[in-house]
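Participant: Residues per chain, in single letters:
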Amino acid sequence: MEKILIFLALIATGAAHAEESLFDSGKILATPGVIQVEGAGGSGLTPWAVISGYGTNRQIGGSAHHTYVTTGDFTLNATGVTVGLFDRLELSFTRQWFNTRSAGGRLGLGDGFKFNQDIVGAKVKVFGDAVYDQDKWMPQVSLGAQYKKADKGAIVRAVGAEGDDDIDLYLAASKILLEKSLVLTGTTRLTRANQFGLLGFGGPNGSNRSLQFEASAAYLLSRHFVVGADYRTKPDNLAFAEEDDAMAAYVVWLPSKHFTVTAAYTDLGKIALQGRQRGFYLSFQLGF
Amino acid sequence: MKLKTLILAAALLGTAPVANADSLYDDLGGLDNITRFTNRLVDLTFTDPRTAHQFKQTKKDRLARLLVDQICEATGGPCRYKGVNMKKSHIKLGITEAEFNALVEQLQQAMSEADVPFHTQNRLLAILAPMKRDIVER
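As you go down the protein sequences, you meet chains A and B in turn.
The first sequence begins at 1 in this note's numbering and counts up by one.
The second sequence begins at 289 in this note's numbering and counts up by one.
Among the hints, erroneous ones may be present.
[To be verified] Straight-line C-alpha distance at most 27 Å; calculated BS3-like pairs for lysine-lysine:
| # | chain 1 | residue 1 | chain 2 | residue 2 |
| --- | --- | --- | --- | --- |
| 1 | B | K344 | A | K136 |
| 2 | A | K136 | B | K348 |
| 3 | B | K420 | A | K180 |
| 4 | A | K257 | B | K420 |
[Stated by the list, open to error] Far from chain B, some chain A residues (derived; all Cβ distances over 12 Å):
| # | residue |
| --- | --- |
| 5 | Y54 |
| 6 | R58 |
| 7 | F93 |
| 8 | F127 |
| 9 | V131 |
| 10 | Q134 |
| 11 | L143 |
| 12 | A154 |
| 13 | A158 |
| 14 | V159 |
| 15 | I167 |
| 16 | L171 |
| 17 | A241 |
| 18 | P255 |
| 19 | V261 |
[Claimed, not checked] Taking CB as the label site, the calculated pair distances span:
| # | chain 1 | residue 1 | chain 2 | residue 2 | range |
| --- | --- | --- | --- | --- | --- |
| 20 | A | S210 | B | S377 | 46 to 54 Å |
| 21 | B | E393 | A | L273 | 26 to 34 Å |
| 22 | B | D422 | A | S210 | 39 to 47 Å |
| 23 | A | A145 | B | Q397 | 49 to 57 Å |
| 24 | A | N116 | B | N373 | 30 to 38 Å |
| 25 | A | F284 | B | H341 | 31 to 39 Å |
| 26 | B | L319 | A | Y265 | 33 to 41 Å |
| 27 | B | Q397 | A | V81 | 26 to 34 Å |
These aren't lab readings, by the way, just hints derived from the structure by calculation.
We put the CB at the ideal spot given by N, CA and C, even for glycine.
Using the sequences plus the hints, can you model the full thing?
Facilitator: Set out below in structure tokens:
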């Protein structure tokens, strides 16, 4: 109840400034990043410390995304919404559909078998300011959590996972180096997710969360184009198949604050005995 | 592969955001071009509904001259800013982050129209960005 009152009070202070509306997209183009594959504000694979959406400290921002990834043997679709409140708190919901296509048949699951999961995310800015503190070393630092629930509980357990839901915790540090037109992010994540959680959580080779690392570097090419790359380590908990790190190299087109396209080349490493999975990543985002 | 990437990322994080003020003044096109885009900026600021209401009591020509001096000096040019400091001149105005950012966007537009390359624009914005702490209300 107290939280609701604080929330309403925040909305009221935001609305008190007659000149600007609560949904006026007051942030500078590109500074909130895009939505990453799990729904958090960031780049392709990695959450950034910035709060998603174009809302300033007195505004609310939000966006919807659809992300499509196709590799040699698999297809991933992800759809979700992400909201940024007063440039402090970010909340997100994303559903992922992982289609095994003909690999499903080879694995005895049936052609086109899908592993799906829901991801509820929250991120809070702890300190620092990635955009304005250009005269300081201190990055913006945020703490985030992603609750993930895989839908094929019986099957992920059958391949060795210990559970079908869990929480990833991460700490992200981001810095925009305007002098060099660079955006750098380092993220550490405590997780026991197998293949982002699509294959459940934990397994014979590791049942506890382990510390994983993600790094992202983006270069502001021009006002409307950004290029960058992400690298993300992952745990290797399952015994039946080896799991590798993932990477993506992308170009983002931002014609306006309301529409963004991210196109990437991605290498997700070996997945479910089907060899190294390389392919393309395409993400569309609509928002304010 | 993993370790190499992390070392590379660490190295990137280690590169210093050093202000290269000496050549920035020249890269912006010197006093002529700074005057040109600053005049355009002030025109935009006084007409854009996102910012115009904050400048009703402001003398346009004087503001433009002060801004030119400020940008010229901050980028290593031969000028001296003689105005009031940022904190004193903005206190009680209740300037919001969105208004500050709107002015940044106007400056970007003005610089683009004056043919300042994008990466040179960012070097100037890197110098001006910390002023947000003194300009925007808490």
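Participant: Next step is simple, just say for each hint if it's right about the structure.
Facilitator: The hints, checked one at a time:
1. Of the supplied pair hints, the one linking K344/B and K136/A is violated, its CA atoms being roughly 34 Å apart against a limit of 27 Å.
2. Under the criterion of a C-alpha separation no larger than 27 Å, the hint pairing K136/A with K348/B is inconsistent with the structure, at around 32 Å.
3. Proposed proximity of K420/B and K180/A is supported: the alpha carbons are some 20 Å apart, at most 27 Å.
4. Straight-line distance between C-alpha atoms of K257/A and K420/B comes to about 21 Å, which keeps the hinted pair within the 27 Å bound.
5. With a cut of 12 Å on Cβ distances, Y54/A falls inside the contact zone with chain B, its closest approach being about 10 Å.
6. R58/A, annotated as away from the interface, has a beta carbon of chain B within 12 Å; the closest lies near 6 Å.
7. A cut-off of 12 Å between C-beta atoms confirms that F93/A is not in contact with chain B; the least separation is 26 Å.
8. Listed as outside the interface, F127/A is consistent with that label: its C-beta sits roughly 14 Å from the nearest C-beta of chain B, beyond the 12 Å cut-off.
9. A Cβ of chain B approaches the Cβ of V131/A within 12 Å, the least distance being about 7 Å, so the stated non-interface status is violated.
10. Remark: the non-interface label on Q134/A conflicts with the geometry, its nearest Cβ contact in chain B lying 4 Å away (cut-off 12 Å).
11. Listed as outside the interface, L143/A is consistent with that label: its C-beta sits roughly 19 Å from the nearest C-beta of chain B, beyond the 12 Å cut-off.
12. Residue-level check passed: A154/A sits 33 Å from the nearest beta carbon of chain B, beyond 12 Å.
13. The claim that A158/A lies off the interface holds: its Cβ sits roughly 30 Å from the closest Cβ of chain B, which is beyond the 12 Å cut-off.
14. Distance check on V159/A: its Cβ is at least 24 Å (rounded) from any Cβ of chain B, clearing the 12 Å threshold; non-interface status holds.
15. Every C-beta of chain B lies more than 12 Å from that of I167/A, the closest at about 24 Å, which supports listing it as non-interface.
16. No beta-carbon of chain B comes within 12 Å of the beta-carbon of L171/A; the shortest separation is about 15 Å.
17. With 12 Å as the threshold on Cβ separation, the claim that A241/A sits away from chain B holds: the shortest Cβ distance comes to roughly 19 Å.
18. Every beta carbon of chain B lies more than 12 Å from that of P255/A, the smallest distance being close to 15 Å; the non-interface claim holds.
19. Consistency note on V261/A: stated as away from chain B, and its beta-carbon is indeed over 12 Å from all of that chain's, at 19 Å minimum.
20. A hinted range of 46 to 54 Å for the beta carbons of S210/A and S377/B is consistent with their spacing of about 53 Å.
21. Between E393/B and L273/A, the C-beta spacing of about 51 Å breaks the proposed range 26 to 34 Å.
22. For D422/B and S210/A, the Cβ-Cβ distance of about 44 Å falls inside the hinted range of 39 to 47 Å, so the restraint holds.
23. A beta carbon spacing of about 39 Å between A145/A and Q397/B contradicts the range 49 to 57 Å that was offered as a hint.
24. Range check, N116/A to N373/B: about 57 Å between beta-carbon atoms, so the 30 to 38 Å window is missed.
25. At about 36 Å, the beta-carbon gap between F284/A and H341/B stays in the expected band of 31 to 39 Å.
26. Take L319/B and Y265/A: their Cβ atoms lie about 46 Å apart, and the range 33 to 41 Å is violated.
27. A hinted range of 26 to 34 Å holds for the C-beta pair Q397/B and V81/A, which are about 31 Å apart.
Hints 1, 2, 5, 6, 9, 10, 21, 23, 24, 26, counting from the list given before, are not met by this structure.
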